[in-house]
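Asks: Sequence:
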Amino acid sequence: MSISDEEIKKKVVEHLYWDSRVDSSDITVAVDNGKVTLKGTVPVYASKGAASSTTWGVEGVISVENLISVEFSPSFEIPSDGEIKSNIESSLLVNSVVDSSNITITVNEGIAILEGSVGSYWEKIKAKDITAGITGVVNIVDKLSVVPTERVSDQAIAEDITAAVTRNFRVSIKNVNVKVENGVVTLSGGVPDFDAYNSALNIARSTKGVIDIVDNLVIK
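The opening residue of the sequence shown carries number 0 in numbering that gives the first Met the number 0; numbering runs sequentially from there.
Simulated from the structure, these hints should not be mistaken for lab results.
Among the clues, some could well be false.
As the list claims (entries may be wrong) - Straight-line distance between alpha carbons at most 30 Å, and here's what the computed DSS-like set of lysine-lysine pairs gives:
| id | residue 1 | residue 2 |
| --- | --- | --- |
| 1 | LYS125 | LYS34 |
| 2 | LYS207 | LYS125 |
| 3 | LYS8 | LYS219 |
| 4 | LYS219 | LYS38 |
| 5 | LYS142 | LYS9 |
| 6 | LYS38 | LYS8 |
| 7 | LYS34 | LYS8 |
| 8 | LYS173 | LYS219 |
| 9 | LYS207 | LYS219 |
| 10 | LYS178 | LYS127 |
| 11 | LYS125 | LYS38 |
| 12 | LYS178 | LYS34 |
| 13 | LYS38 | LYS9 |
| 14 | LYS173 | LYS34 |
| 15 | LYS84 | LYS8 |
| 16 | LYS34 | LYS84 |
| 17 | LYS142 | LYS84 |
| 18 | LYS34 | LYS10 |
To be verified - Derived Cβ-Cβ restraints for the label pairs, each shown as a range:
| id | residue 1 | residue 2 | range |
| --- | --- | --- | --- |
| 19 | LYS173 | VAL93 | 36 to 44 Å |
| 20 | TYR16 | ASP141 | 28 to 36 Å |
| 21 | SER85 | SER62 | 21 to 29 Å |
| 22 | GLU5 | GLU88 | 44 to 52 Å |
| 23 | SER52 | SER85 | 38 to 46 Å |
| 24 | GLU158 | PRO73 | 52 to 60 Å |
| 25 | LYS173 | SER85 | 44 to 52 Å |
| 26 | SER62 | ASN201 | 16 to 24 Å |
| 27 | ASN176 | LEU92 | 37 to 45 Å |
| 28 | ALA162 | GLY115 | 45 to 53 Å |
| 29 | ILE218 | PRO73 | 34 to 42 Å |
Note that the coordinates shown come from a computational prediction; the quantities given were computed from them, not determined experimentally.
Note that beta-carbon positions come from the ideal geometry of N, C-alpha and C, so glycine has one too.
Could you put together the complete structure from these sequences and hints?
Replies: Right, here's the structure in full:
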C-alpha cells in the first residue's frame with residue numbers, strides 16, 4: 000500500500016525531532032509525491048547534512064531537496080575566517096585516512112572552499128565531511144579533483160563495482176546499470192529503497208580508480 004504525502008511528512012517531522020544531531024525547531028517540511036523539500040535554518044552546518052540523512056530513513060521518501068541554511072544564534076561568537084581555515088587544516092592533518100598534502104583551503108564569510116587533489120574518491124567525501132564538522136562553516140564548495148595513485152582501467156572499475164554490488168545483500172545488480180568512462184562512473188536504474196540506493200553509491204565511492212560519480216539512480 001502506498002504511503003500518503005501527509006503521512007510521510009508526519010514521519011519526517013517526527014524523525015527530525017528525534018535525531019539529536021538536528022535542531023529541527025526552525026525546519027519546515029514539504030512533500031510532493033514522495034519528494035521531500037527541507038527549508039529553514041540550523042545553528043551548525045553538520046545539522047544540515049544530518050537532516051538529509053535522517054529524512055532519507057523515512058519510508059516512502061524518494062528524493063530529498065535540502066534548502067536549509069546555517070544561521071548562528073545571536074549569542075554565538077562566530078570564529079573568523081582565518082580561525083575556521085586553521086581549524087579545517089588542523090582537522091584534516093590529524094585525520095590519518097585523508098592525505099591533505101595537496102588540499103588548499105580558503106574561507107570567505109564562513110564558506111569553505113576545498114581545492115587541490117586527493118588520491119581517491121572516498122578521500123574527497125571524507126575531506127568534505129571533516130570540513131562540515133568545523134564550527135563556523137556555513138557552506139562548502141568542493142572543488143577537489145581525484146588523481147588516483149595508480150592507473151585503473153574503466154573495465155576493471157566497472158567489474159569491481161559490479162562484483163561488489165553482487166556481494167551486497169541490500170541491492171541487486173539486476174537493478175543497477177554501471178558505466179565507466181575515463182574513471183567517471185555513471186550509475187542508473189531503479190532501486191527499491193534508500194538502503195539499496197546508498198549501498199550502490201557507497202560501493203562506487205569506495206572503488207579504486209573512480210574519479211567522479213554521476214548519480215542517475217531512482218528510488219521506485
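Asks: With reference to the structure, classify each hint as holding or not holding.
Replies: Quick rundown of the hints versus the structure:
no., hint, in the structure
1, LYS125 - LYS34, "holds, 27 Å"
2, LYS207 - LYS125, "holds, 15 Å"
3, LYS8 - LYS219, "holds, 18 Å"
4, LYS219 - LYS38, "holds, 24 Å"
5, LYS142 - LYS9, "violated, 37 Å"
6, LYS38 - LYS8, "holds, 13 Å"
7, LYS34 - LYS8, "holds, 10 Å"
8, LYS173 - LYS219, "holds, 14 Å"
9, LYS207 - LYS219, "holds, 29 Å"
10, LYS178 - LYS127, "holds, 25 Å"
11, LYS125 - LYS38, "holds, 25 Å"
12, LYS178 - LYS34, "holds, 27 Å"
13, LYS38 - LYS9, "holds, 15 Å"
14, LYS173 - LYS34, "holds, 25 Å"
15, LYS84 - LYS8, "violated, 38 Å"
16, LYS34 - LYS84, "violated, 35 Å"
17, LYS142 - LYS84, "holds, 16 Å"
18, LYS34 - LYS10, "holds, 14 Å"
19, LYS173 - VAL93: 36 to 44 Å, "holds, 43 Å"
20, TYR16 - ASP141: 28 to 36 Å, "holds, 30 Å"
21, SER85 - SER62: 21 to 29 Å, "violated, 37 Å"
22, GLU5 - GLU88: 44 to 52 Å, "holds, 46 Å"
23, SER52 - SER85: 38 to 46 Å, "violated, 28 Å"
24, GLU158 - PRO73: 52 to 60 Å, "holds, 55 Å"
25, LYS173 - SER85: 44 to 52 Å, "holds, 49 Å"
26, SER62 - ASN201: 16 to 24 Å, "holds, 18 Å"
27, ASN176 - LEU92: 37 to 45 Å, "holds, 39 Å"
28, ALA162 - GLY115: 45 to 53 Å, "violated, 31 Å"
29, ILE218 - PRO73: 34 to 42 Å, "holds, 40 Å"
In the structure shown, a violation is registered for the earlier hints numbered 5, 15, 16, 21, 23, 28, in ascending order.
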